[in-house]
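Asks: Just so you know, the sequences run in chain order A and B. Numbering-wise, the numbering used here puts 246 at position 246 of the first sequence, and it's gapless, one number per residue. Take the position in the second sequence, starting the count at 1, then add 287; the result is the number in the numbering used here.
Some clues are possibly wrong.
[As the list claims (entries may be wrong)] Distance ranges between label pairs, derived from CB positions:
no., chain 1, residue 1, chain 2, residue 2, range
1, B, G673, A, S112, 36 to 42 angstroms
2, B, E476, A, V161, 55 to 61 angstroms
3, A, M267, B, K484, 17 to 23 angstroms
4, A, V161, B, E578, 57 to 63 angstroms
5, B, S375, A, M264, 36 to 42 angstroms
6, B, E578, A, L64, 37 to 43 angstroms
7, B, K484, A, L110, 41 to 47 angstroms
8, B, K400, A, M261, 29 to 35 angstroms
9, B, K484, A, K280, 33 to 39 angstroms
FYI, nobody ran anything at the bench for these hints, they're computed from the structure. C-beta: ideal position from N, C-alpha, C; glycine also.
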Amino acid sequence: MTTELFFVQLINGIQYGLLLFLIASGLTLVFGVMGILNLAHGSMYMVGAYLVWYFATVTGSFTLSAILSAILALALGILIERVLIQRLYNRNHLDQVLLTIGMIFVFNSLQSILFGNDPYGVAVPSTLDGGIPFTENSSYPIYRIFAALICVSIAGVLYYVVSRTRLGMLIRAGESNREMVEALGVNIKSLYTIVFAIGVMLAAVSGIIAAPMRSIVPGMGESVLITCFVVVVIGGMGSIKGAFVGALLVGLISTFSSVLMPSMSNMIIYIFMILVLLVKPQGLFAK
Amino acid sequence: MSRMKTLLCAAMAASLATTAATSSAASDPVKIGIMLPFSGIYAQLGEAGRDGLKLALKEQAADLHGANIEFIEMDTEAKPARAPELASAMLGQHEADFVIGPVHSGVAMGMIKVLRGKDTVMIIPNAGAAAATGPLCSPNIFRTSFSSWQPSYPMGKVALDKGYKDVYLISWNYGMGRESLEAFEESFEAGGGNIVKKVLMPFPSTNFQPHISDIAAQDPDAVFVFFAGGGAIKFVKDYDAMGLRGKIPLLGSGFLTEGTLEAQGDAAEGVLTGLHYAEQLDVPKNQAFREAFNTEYGHYPDIYAVQGYDAGLAIADTLNQLSGDVSDKQAVISTMEALTINSPRGDFTFSRAHNPVQNIYLREVKDGANVVASIAAEALEDPARGCKL
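Extracted from the complex, chain A is given alone in its bound form (with noise of 0.2 angstroms):
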């Protein structure tokens, strides 16, 4: 491998992670303060994808279709932990991954039935469309530079909302402790509302960002939730700043992988993943 295109294999790596933490941010939230294990997380990836591959169809314009697609996914995610989530927090994971299980069977099928099982594509938006010359014959698709950005900058957000404001603070202390934040007065039933509708959120959003770079298909949803999960069990079970490093690392790794060794590509992130199990049975930044 020329110095070259190991500098453009380290940009598409470090792109595919970035792409990975926002996908695994929403997971890791919702287990790390909520103790949910939501296998139903994918889906809402899915619903992110087909919102605003359908708006953007109604609509003609990516970026409406956008924002409407993230205000309804909030509101989705407000009405499942109203309606299902809410019973669960007393049960134990089991009954968690049987209602989320079946969450995901659900959503398969309102995809199909509202939305049929062709295949579907969003264009770029027109003003991000094209790329800036790469290397001698290939450019780098200005689109997915910005997709780079947003992830960066979601990543700011959701660390600086946690660690340095009150939402931040009674996230951690609910975390740590949901029965002395309770009795101190907080009302501990509406910010778990609120945690785990942004999480759902950041599942859909990840899927609105990723429409135009894929192809909308049933069953998208699974094949990223186990990627996730790697991920999140890689950085540590609930740690936001340990699903970004582990993002990132199965992002460079799959990469360079999938170059190198493309027939064992697959299963290298999981070898990977074993051997971090080892050395730190807890995930790199578990708590």
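Go by the hints and put chain B onto chain A.
Replies: Just chain B, lined up with the frame of chain A:
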């Protein structure tokens, strides 16, 4: 979670009501088992195949000599693990005369395990696995679609004719992907072409960007790929996004641009593919078929509907020649073997291994449609390696 459903089709009986009940077959229905995916990622393909099949039998109703058709539908969900069980039910419980299916090659292997050498005639309306009309070929197994070898083999010669000497190959590491690349290599290397690199990605990974960066760095004369469905959309879009479209020509097995063009948009313009069909194919039968399908179902058919339709024609023509009597299975097989199917893709016959002997068209994407540029290979017959028929 068994989603097996059994549907008795009364429509067929109704359309035949005018035929006098002189034939003994009328009391003993011809049972057609349909094993296609009606849920999961291939649901659309399964529905198209079934709709095509039923349209053919409806159109040919007058030629069935009063035979009553009974359809038995099963949803394979495109899950190979369930295929043997469902196929056994078709054979034992339902005593199907014909089994139409499947879409997915893995499911095909499971079905063949059960149906091979039996009296029930299996007609594959899609799955292209080489083995089905290769080492596992059998007198009672027919295919109305293609073998994985067929759409790709002529593309090696197409690449040479265009003057491409160094070609980069990439696909998924599964049957259809491997067999497609091998078929391309076979004709391309025989004509003096050089394979720069051959990449087999794990299925169904769609992280194409690192590979496309690698293609740019290798700078070959052309790229040949097999991808289908969502992966095909993403590959073509990524290839364009990285600025390679128009610089390094992209060639593929026809599924790269089949049912995906709308989602691919401008990114697909100029892509060259080989396939046994094109929607705008200038064959009278094709236009008639497309209109009839649209009248019946309210949308235009795709290649999967054509393949299902041709499976229906194979059954209808066989019934016609046998006066509606399918009790002699040897007669059914020898009749079907000798048929010329008047398909929307152009007439085709069956090879000794029961795979279509058919034209492969070279198509170029122009203004969002696969436009036929030429016939890449005329009456191409799969070599049927390993078949002892």
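Asks: Going through the earlier hints one by one, which of them does the structure break, listed in rising order?
Replies: No hint contradicted; all consistent.
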